[in-house]
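Chains as they are written, first to last, in the working numbering: chain A, 1 to 276; chain B, 1 to 389.
These are computed hints drawn from the structure, not numbers from a lab.
Wrong hints could be hidden among the right ones.
Claimed, not checked - Estimated spans, in silico, between C-beta atoms of each pair:
{"hint": "1", "chain 1": "A", "residue 1": "G49", "chain 2": "B", "residue 2": "P354", "range": "45 to 51 angstroms"}
{"hint": "2", "chain 1": "A", "residue 1": "T141", "chain 2": "B", "residue 2": "L280", "range": "28 to 34 angstroms"}
{"hint": "3", "chain 1": "A", "residue 1": "A213", "chain 2": "B", "residue 2": "T87", "range": "24 to 30 angstroms"}
{"hint": "4", "chain 1": "A", "residue 1": "V223", "chain 2": "B", "residue 2": "L92", "range": "23 to 29 angstroms"}
{"hint": "5", "chain 1": "A", "residue 1": "P166", "chain 2": "B", "residue 2": "L263", "range": "41 to 47 angstroms"}
{"hint": "6", "chain 1": "A", "residue 1": "V223", "chain 2": "B", "residue 2": "P93", "range": "41 to 47 angstroms"}
{"hint": "7", "chain 1": "A", "residue 1": "L216", "chain 2": "B", "residue 2": "L271", "range": "50 to 56 angstroms"}
{"hint": "8", "chain 1": "B", "residue 1": "A112", "chain 2": "A", "residue 2": "L219", "range": "29 to 35 angstroms"}
{"hint": "9", "chain 1": "A", "residue 1": "V61", "chain 2": "B", "residue 2": "T84", "range": "31 to 37 angstroms"}
{"hint": "10", "chain 1": "B", "residue 1": "P287", "chain 2": "A", "residue 2": "L28", "range": "34 to 40 angstroms"}
{"hint": "11", "chain 1": "B", "residue 1": "R284", "chain 2": "A", "residue 2": "L28", "range": "28 to 34 angstroms"}
{"hint": "12", "chain 1": "A", "residue 1": "G49", "chain 2": "B", "residue 2": "P93", "range": "46 to 52 angstroms"}
Every residue gets a Cβ at the ideal spot worked out from N, C-alpha and C, and that includes glycine.
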Amino acid sequence: MTGLGAALPYAGPRERPATGARAWLALLVAVAVGAVAFSWPLFLRPESGMSATQAPVMFAVVLPLVLAVVLSELAGGRMDAKTLAMLGVLAAVGTILRPLSAGTAGFELIFFLMILAGRVFGAGFGFALGAITLFTSALITSGVGPWLPYQMLSAGFVGLFAGWLPRALGRAEIALLAAYGMVSAFAYGWLMDFSFWPFAIGDGTQLSFDPAASALENLHRFVLFNVATSMGWNLGRALTNAVMVVLLGVPLLRLLRRAARRASFVPANPARPLAE
Amino acid sequence: MERTETLTTPHPWAWWCWAIGIGIAVSGTTNPLLLALIATAVVATVLLRRSDAPWARSVKAYLVLSVFVIGMRVFFQMLLGAGTGETVLFTLPQIPLPDWAAGIQLGGAVTAEGLVNTLYDALRLAVMLVCVGAANALANPRQALRSVPAALYEASVAVVIALSVAPQLIESAQRVRKARRLRGDQARGLRALGAIVMPVLADAIERSMSLAAGMESRGFARTRGLPVRGTLPLMLAGSLVATCGVFLLLSTDHRLLSVLLLLGGVAAVLLGLRRAEATLRVTRHRPHPWGSRDTLIALSGVFAALIVFSAGGDWGIGWLMASDVLHPSTDPLVWPELTPLMLVVVALVLAPLPLTRVRPPQATTSLRNDTRVRSLRPRPEREPELVAR
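If we strip away everything but chain A, and leave its shape as in the complex, we get (with noise of 0.2 angstroms):
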């Protein structure tokens, strides 16, 4: 284990624990790739032979093995049992609060959390929480398929990006969490509408991707397609994600950083890898 987590004995999830270089490193390949995934359809030339259907699903080979890559690296080299079990237990109430709140008009309860515990536990806690909260509903629900890399990504970035917020206290820090939740919200639809956009709609019609047009003729076409069909729900969804976070912040933070402080305890004989 190379980074700051080999120094300390004992690396609990402490408020804000460091995140090491390594898993830095990782986190911004991550935010490299998945620019490059979701923003397929502004670099798509007709003349590469390839189709718009077939396009996300090329990546969709490629994200899996990124996610993979960044997991073991946030998980495997930094994360002791308790970080762990509380990842574990907070995409538990993920999975049983997505299909809770599942479709009616972007009412989705799981964002909020990830927002909290990013926000509490660091941003490479969060990436992981909003991977593996969406992977495991996926499994429950049975809705494995090539969009699941994309969802991984992206809530993951709301996960990631709660942590790397600035610091505020008190109203200011409930403010800031509420309008990052709203912001998210909508980034997080636009990205997901953005690269399954030709699945939607299919090719042929006025508001269809356009692999021949401009990246910008095509950037216009995706805003109008978008208004028309998924505005209200990614306004649902922002709404939802505010109103929660108003709504159950202040306690919320105050129960996840407790759990913080308790879980950081020094053990009298430190955790060594076994020497073999």
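Use these hints to put chain B onto chain A, whose structure you have.
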């Protein structure tokens, strides 16, 4: 029980490989006859080989979703179609739109060519969805999770914790609700949400603490060694190279270079994951063996994809099946053809059927409830009835 099940059921990753291969094959054609045959074959395989587990019922949801996708696409085509082709079926009233939506026109003529083109494309997507649904229905997710690479051991532990805690949380929520009712708490709506969610979450976090204590006391993660030097840079570089490969594949016509980059990147990541496994000394409890039958099932999917793609391209076996057979023209409209090679693809889709056996219906999960076992149990002797005194 599980032991016999792992011996009679194919490996879950074999089913996934089969389904992904067929999905890739489907993505390379818009021939409605081939698509319909593949869909029928996939659904038949699922219906004949699925278990009676809860996830096995998911294929119905995917069929409904496929029909919805076709319906939505046709709706958008009629409403927003650009009206290519000459055969006008009917004309919808046109609706003027504001300036910022310039260039878009609602309604207008609905042509047979545009509609058929949309139908073909939607059918392709629908059959891909059916393939995904088939994998979800046939592969046991818990078994699949147990065979992930050891480098993902911690992440899969988190998933397993989540999967096993989730049912307990429902029970916890019911307990909290019952307690509220006993106290005579009548709050409804958002207020009640807070009153239920907070205790449930507090309970969940308590649970995670005691779980962690249990894991620590059993020596969890104590066998972890130092990471192998250079593994992470190798994996990260591999993922970046693979992404570049896909980027080039989609944006340029340098096919060979981009495919090489993609394969090289994927290989580097897999090698890195393999090397990262060396840091962990974990054993598996009753691993699901990968047999020759699993290889055959997986290969049938791979070959289906290879046949369609080498026929669609300019290289390979393009002389056997022309590209315009895979993508029948919609303008002008022609009747789609069916060639012998397509039947080979359909046969490959059906290949798991002779390779696997029908599962005997398992009505009971525990020996205790099995009537046959119960009838074998010794019964108390009937006391001899006393003759009336």
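Hints and how they fare:
no. : hint                                 : result
1   : A:G49 to B:P354: 45 to 51 angstroms  : violated (36 angstroms)
2   : A:T141 to B:L280: 28 to 34 angstroms : holds (30 angstroms)
3   : A:A213 to B:T87: 24 to 30 angstroms  : holds (26 angstroms)
4   : A:V223 to B:L92: 23 to 29 angstroms  : holds (24 angstroms)
5   : A:P166 to B:L263: 41 to 47 angstroms : holds (42 angstroms)
6   : A:V223 to B:P93: 41 to 47 angstroms  : violated (26 angstroms)
7   : A:L216 to B:L271: 50 to 56 angstroms : violated (40 angstroms)
8   : B:A112 to A:L219: 29 to 35 angstroms : holds (32 angstroms)
9   : A:V61 to B:T84: 31 to 37 angstroms   : holds (33 angstroms)
10  : B:P287 to A:L28: 34 to 40 angstroms  : holds (35 angstroms)
11  : B:R284 to A:L28: 28 to 34 angstroms  : holds (33 angstroms)
12  : A:G49 to B:P93: 46 to 52 angstroms   : violated (39 angstroms)
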